[in-house]
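Engineer: Residue-level listing of the chains:
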Amino acid sequence: MNEEKLEQELRDCFHAETKIIEPTSDWWDRNISQVTGQNKRTRWFGFKPRKRLAWALVPLIVLLVGGTVYAASPLIEGIFDNFFGQQIEQTGLVQDMDMSQTITGVTVRLERAYADSNVVLIGYSAGLTDNLNIPAIATLTTADGQVLDGMMGVGELHTAGLGIFNSASCFSFDASKITGSPSELSLTLKIEYARFQADNSDEINHKPIGPFIFNFHLPFHAGKIIDINRTIESAGVPVTLEKVVISPYETRAVFQILPSEKVQDELVPVVSMVLPSGVSVDAGSSFSLDPEHQTFFTGDYTGEHGAGTLTLKEMVFRASSGGVQRLSGPWVFLFSIP
Amino acid sequence: MIEPEEAELIRRCQARDKDAFRLLVENYRKVMFGTAYLMTKDRGLAEDALQDALVQMWKHLPSLRQGVSLKAWLVRIVVNEVNRQRRKKRVLTVPLEYAPEIVDDCDDAVTMMIRNEDHQNLRQAMEQLPLEIKETVILRYFSDLTVPEIAAVMKKPEGTIKSRLNRALIRLNEILSNSETIENRR
Numbered sequence: 001m002n003e004e005k006l007e008q009e010l011r012d013c014f015h016a017e018t019k020i021i022e023p024t025s026d027w028w029d030r031n032i033s034q035v036t037g038q039n040k041r042t043r044w045f046g047f048k049p050r051k052r053l054a055w056a057l058v059p060l061i062v063l064l065v066g067g068t069v070y071a072a073s074p075l076i077e078g079i080f081d082n083f084f085g086q087q088i089e090q091t092g093l094v095q096d097m098d099m100s101q102t103i104t105g106v107t108v109r110l111e112r113a114y115a116d117s118n119v120v121l122i123g124y125s126a127g128l129t130d131n132l133n134i135p136a137i138a139t140l141t142t143a144d145g146q147v148l149d150g151m152m153g154v155g156e157l158h159t160a161g162l163g164i165f166n167s168a169s170c171f172s173f174d175a176s177k178i179t180g181s182p183s184e185l186s187l188t189l190k191i192e193y194a195r196f197q198a199d200n201s202d203e204i205n206h207k208p209i210g211p212f213i214f215n216f217h218l219p220f221h222a223g224k225i226i227d228i229n230r231t232i233e234s235a236g237v238p239v240t241l242e243k244v245v246i247s248p249y250e251t252r253a254v255f256q257i258l259p260s261e262k263v264q265d266e267l268v269p270v271v272s273m274v275l276p277s278g279v280s281v282d283a284g285s286s287f288s289l290d291p292e293h294q295t296f297f298t299g300d301y302t303g304e305h306g307a308g309t310l311t312l313k314e315m316v317f318r319a320s321s322g323g324v325q326r327l328s329g330p331w332v333f334l335f336s337i338p
Numbered sequence: 001m002i003e004p005e006e007a008e009l010i011r012r013c014q015a016r017d018k019d020a021f022r023l024l025v026e027n028y029r030k031v032m033f034g035t036a037y038l039m040t041k042d043r044g045l046a047e048d049a050l051q052d053a054l055v056q057m058w059k060h061l062p063s064l065r066q067g068v069s070l071k072a073w074l075v076r077i078v079v080n081e082v083n084r085q086r087r088k089k090r091v092l093t094v095p096l097e098y099a100p101e102i103v104d105d106c107d108d109a110v111t112m113m114i115r116n117e118d119h120q121n122l123r124q125a126m127e128q129l130p131l132e133i134k135e136t137v138i139l140r141y142f143s144d145l146t147v148p149e150i151a152a153v154m155k156k157p158e159g160t161i162k163s164r165l166n167r168a169l170i171r172l173n174e175i176l177s178n179s180e181t182i183e184n185r186r
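Protein chains in written order, with this note's numbering: chain P, 1 to 338; chain S, 1 to 186.
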């Protein structure tokens, strides 16, 4: 067969093979919504038994890996690295914890933790023994009883041999409720697992396991909290920059933008920051809970000193007609980093 | 090159516009899922990889540089996630009584693949190629990436990619010729 014909055969062959296996619209929509639906409820990525297959297998599932034993710590480090920023691992600020607890045959090991003025990150592994388990709830409480809001959860399940740590999970919690600059935090982590348990019907019961409770102390990397409380009006819309929090994990800018006729639902502020060193960085993500809007800049800028600028370039929001509208500013805030 | 409409969608994505993200990735749904499927030959693994890839795309779109081919960037993330899934080495063994259920659950693609005799020999020949060469062929002839784009995805020099493609075509021709000879002898 000549080269050109073979190339065309390959194209045809691949297209024939993939023609009928596109993901369903339901699957696609659900996943896009999950990916973009960043909010402050606990989210769970990567830990997803395949739906029909998983349901069918849950009663008698056997999980095996061909002779390979996975250590849990690399899993945890991988998740920290992939989802919570390499700079945290690279600077060695993440604390090894190595605390474990076993309840009804399930062992949970608190492995890695980190705290600063923006986030508390928790990484733990679990040995999932006889059934497929999923993490249900992870709650983090400070010594003075403040329950920190969960921001995001990620996890990986490895089908390792029975009784070893074959799953790893990381959660991030919003640390903005922590006041002052304590040198360390006293925290209580509560984890509750659900175990799939089949009865004679088609239903699967979720029998809770736990709670696994860990009390521990964690170094607190305060970073720099810069209170600003300055209001600037542009395009007829007043915007208040409340504060900028620079921590090793990220920099967070907190705005107040009151809803008005001009600015409507699902507002996303487009923000950039110029640091004293001249480095310019765009906000990587944002979170809005009217009227408060937070934008997040990935990277450790705690070493910066001097005058910086935060520019809210424009606001993107959903108009009452349903379309996306934009309102250009800019709203420019000067601030000083001590 | 990124088309102006895509550039606008990317800009909106970078402003965390969810609708824009939906529109942007929708255009590449087929190539992303198809690439994952051809690499894994398993619908479930392909879905796992694509799901994680979508998370990475949403997370890293703000850092997408101008002038980068969007399709190559998206496929690169999919390939990375497929390789990450592979490292998990997920193997499920199940009681036999559940086997029919699983066969039902497996996609019709497997059945169709067997039925489609026109391409069966070529598919079998593909399976005899070393993994990295097979993946290079998938990226070239299914994902329709250029040699420089494949080099970027696979983190190899362009010369290596050209050589892999050349070797793949020669080897496939050899395998197909041999199978034809065997068929003729019968």
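The reader is advised that the hints may include incorrect statements.
List of simulated lysine to any residue pairs, SDA-like, C-alpha gap at most 25 Å [as the list claims (entries may be wrong)]:
| no. | chain 1 | residue 1 | chain 2 | residue 2 |
| --- | --- | --- | --- | --- |
| 1 | P | K313 | S | L23 |
| 2 | S | K156 | S | L23 |
| 3 | S | K59 | S | Q124 |
| 4 | S | K30 | P | D29 |
| 5 | P | K243 | P | F220 |
| 6 | S | K18 | P | L267 |
One-sided and incomplete, this derived list gives chain S residues near chain P with beta-carbon spacing under 8 Å [as the list claims (entries may be wrong)]:
| no. | residue |
| --- | --- |
| 7 | A15 |
| 8 | L122 |
| 9 | V137 |
| 10 | L172 |
| 11 | I175 |
These are computed hints drawn from the structure, not numbers from a lab. Quick caveat: nothing in here was measured; it's all calculated off a predicted structure. We treat Cβ as the ideally placed atom computed from N, Cα and C, and that holds for glycine.
Engineer: Could you run down the list of hints and mark each one as holding or not?
Structural biologist: Now for the hints, and whether the structure bears them out:
| no. | hint | verdict |
| --- | --- | --- |
| 1 | P:K313 - S:L23 | holds, 23 Å |
| 2 | S:K156 - S:L23 | violated, 31 Å |
| 3 | S:K59 - S:Q124 | violated, 38 Å |
| 4 | S:K30 - P:D29 | holds, 14 Å |
| 5 | P:K243 - P:F220 | holds, 19 Å |
| 6 | S:K18 - P:L267 | holds, 11 Å |
| 7 | A15 | holds, 4 Å |
| 8 | L122 | holds, 5 Å |
| 9 | V137 | holds, 7 Å |
| 10 | L172 | holds, 6 Å |
| 11 | I175 | violated, 11 Å |
When held up to the earlier numbered hints, the structure conflicts with 2, 3 and 11 and fits the remainder.
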